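Chemist: In order, the protein sequences belong to chains P and E. 353 is the number of the first residue of the first sequence in the numbering used here; add one for each residue after it. 546 is the number of the first residue of the second sequence in the numbering used here; add one for each residue after it.
Simulated from the structure, these hints should not be mistaken for laboratory data. This one's a predicted model, so the numbers in the text were calculated from it and none came from an experiment. Don't take every hint at face value.
Said to hold, decoys possible - Stretch by stretch, here's where chain E covers chain P in the computed footprint (C-beta under 8 Å, at least three residues):
(1) 414–421
(2) 444–454
To be verified - Using 30 Å as the maximum straight-line C-alpha spacing, the simulated DSSO-like pairs for lysine-lysine come out as follows:
(3) K830/E with K698/E
(4) K445/P with K596/E
(5) K704/E with K819/E
(6) K456/P with K596/E
(7) K881/E with K750/E
(8) K830/E with K722/E
(9) K456/P with K445/P
(10) K704/E with K445/P
(11) K853/E with K881/E
(12) K726/E with K792/E
(13) K445/P with K726/E
(14) K698/E with K853/E
(15) K830/E with K596/E
(16) K792/E with K704/E
(17) K445/P with K750/E
What the hints assert, rightly or not - Label pairs and their in silico Cβ distance ranges:
(18) Y495/P with A713/E: 40 to 48 Å
(19) D811/E with S359/P: 44 to 52 Å
(20) S359/P with S720/E: 41 to 49 Å
(21) P459/P with G823/E: 49 to 57 Å
(22) H859/E with D397/P: 16 to 24 Å
(23) N832/E with Q472/P: 50 to 58 Å
(24) G689/E with M399/P: 36 to 44 Å
(25) P426/P with G665/E: 50 to 58 Å
Note that the Cβ used here is the ideal one computed from N, Cα and C, for glycine as well.
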Amino acid sequence: MFQIKRSPWVLHYDGSSCNGCDIEVLACLTPVYDAERFGIINTGDPMQADILLITGGINSQNADVVKQLYDQMPRPKVVVAVGVCACTGGIFKDCYNILGGADKVIPVDIYVPGCAARPQAIIDGIVQAVDLFQRRLEKHNDYMKEHAHDKNDAKNKKTGTED
Amino acid sequence: MKKRSIVPYGPQHPVLPEPIHLDLVIEDEKIVEAIPSIGFIHRGLESLAMKRDFNQMVYVAERVCGICSFGHGFGYCEAVEDIMKVEVPDRAKFLRTIWFELSRMHSHFLWLGLLADGFGFENLFYQCWRIREKILDVLELTTGGRVIFSVNKIGGVMKDITPEMAVAISEMLTSVKKELKQIVPIFMEDYSVRSRLEGVGVLTKEQAHTLGCAGPFARASGIGADMRTLGYGAYKELDFEIITSDKGDCYARCDVRIREIFQSIDLIRQALDKLPEGELAAAVKGNPNGESFIRIEQPRGEAVYYVKANGSPHLDRMRVRTPTFANLAGLCETLKGADYADVGLLILTIDPCISCTER
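Work out the full structure: start from the sequences and follow the hints.
Modeler: As structure tokens, then:
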């Protein structure tokens, strides 16, 4: 079976963070932390991404954007909330324009706390996300196998070529 | 008339991690007009001034922007200290200046890396960010934080730079200067890099002045405006000159920022040499009452802090005018007539920081 483990493609979106976590996410890619040794590639295209890294809380204008990005990603997918703002809203929780953490609009699987989250913590979060992604992929594949069987049956019934 | 079409650009796009949305009106491959729409990161943190007391607001002010976070805390503290007539100890002034210049260096390295990434030079991007990590290591050593290090407080600073730390900073400066000298020729002399930068996105001095541009973006167009000459912090005791260029294109902006890194290295060395002994913070009593208006030079340009207090622990109003917001008008002007393929590069050359644009 096709194995995706240890080569996740990451989509990074800045919700409404102060940039502190964003530059730490980028710092993960640099030679010092080198996230690419886990096969992690930062992509700009949601349709090719496996893991969504979201930094910053959700406000009234970007809620739709985040939802859209999540919907565009193919199944299975994992969402990692980086930084305390993405987890709960953080220091900006009481601001009039902040609805709360990323889990207000999309299901979040892994929370990476910190203000700003340290690169080590972010990499740890992504590595956990890869494990979760692998489990989900196996489940997804099993489901697809059963589903494919059903599909064949349905097709056979329809065309009347049941054996 | 040629056929016009509108290309939506962003908010999620591969050029920089932050969301900015532009509606680009294009004719063939040339841009006729760019209409920005912002608000994807607006948090409304200025309103927190009414909910948090003036000491807690230092931490909120630092989170206006994560890249120049030290500067925002600095500007806010200066404004409140001005209202309360607090005399900041000399040592604190020098320490603030050292940390401010270190964050300017890391911000400019970050920008150089993103620029290299913008014109598709991955290797150079990695080089810039590798050098930047050395600055972050020193910041972590001296303050405990990598990008957001809350060392400012009303009346002074919370942490000290010991002689051992000063040696570590000095060693870091030597090695960063050496490595920067190795990558400067790639930015300044490489044929393919120059072909992407030279003559692209020209902004004349008159345009930059009329549109109210700030910082390295304006200085690259020949406007010699640098708020450090106002002499806040320890700048009046340090020796430096305003760096300008008169070409006004992407190449000039890159040149100005590279020379500013060398200038920052020099400023930190001067400050370390002159670092006086003494207290770290002055005692602060009572609540602020009055208003103040402070201008400081952020890595991205002139930032203005307006604070109005009413004698209670909660401020009436805090207002931040950030350089990136001022530069958006200049960005839309440079985009006119540019090639569609250069849009990403031109957005990068104003050193955009959407989170401080929208706060």
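Chemist: Determine whether the Cβ-Cβ distance between P459/P and G823/E falls within the hinted range of 49 to 57 Å.
Modeler: Since P459/P and G823/E have Cβ atoms about 54 Å apart, the given range 49 to 57 Å holds.
Chemist: Is the distance from the Cβ of N832/E to the Cβ of Q472/P consistent with 50 to 58 Å?
Modeler: violated, 41 Å
Chemist: Measuring from beta carbon to beta carbon, are Y495/P and A713/E in 40 to 48 Å?
Modeler: Violated - the Cβ-Cβ distance for Y495/P and A713/E, about 56 Å, lies outside 40 to 48 Å.
Chemist: Return holds or violated for the Cβ distance of S359/P and S720/E against the range 41 to 49 Å.
Modeler: violated, 35 Å
Chemist: Range first: 44 to 52 Å. Now tell me if the beta carbons of D811/E and S359/P are that far apart.
Modeler: For S359/P against D811/E, whose Cβ atoms are near 45 Å apart, the range 44 to 52 Å holds.
Chemist: CA of K726/E to CA of K792/E, is that 30 Å or under?
Modeler: holds, 23 Å
Chemist: Are there three or more residues in the segment 414–421 of chain P whose C-beta lies within less than 8 Å of some C-beta in chain E?
Modeler: holds (count 3)
Chemist: Taking 30 Å as the top limit, are the C-alpha atoms of K704/E and K445/P close enough?
Modeler: holds, 28 Å
Chemist: Between the alpha carbons of K792/E and K704/E, is the straight-line distance 30 Å or under?
Modeler: violated, 42 Å
Chemist: Would you mind confirming whether the straight-line C-alpha gap from K698/E to K853/E stays at or under 30 Å?
Modeler: holds, 18 Å
Chemist: Hey, K830/E versus K596/E, does the alpha-carbon distance stay inside 30 Å?
Modeler: holds, 20 Å
Chemist: Measure nothing beyond the straight line between the CA atoms of K456/P and K596/E; if it is 30 Å or shorter, mark the hint as holding.
Modeler: holds, 23 Å
The structure fails hints 8, 11, 13, 16, 17, 18, 20, 22, 23, 25 (numbered hints given earlier, in ascending order).
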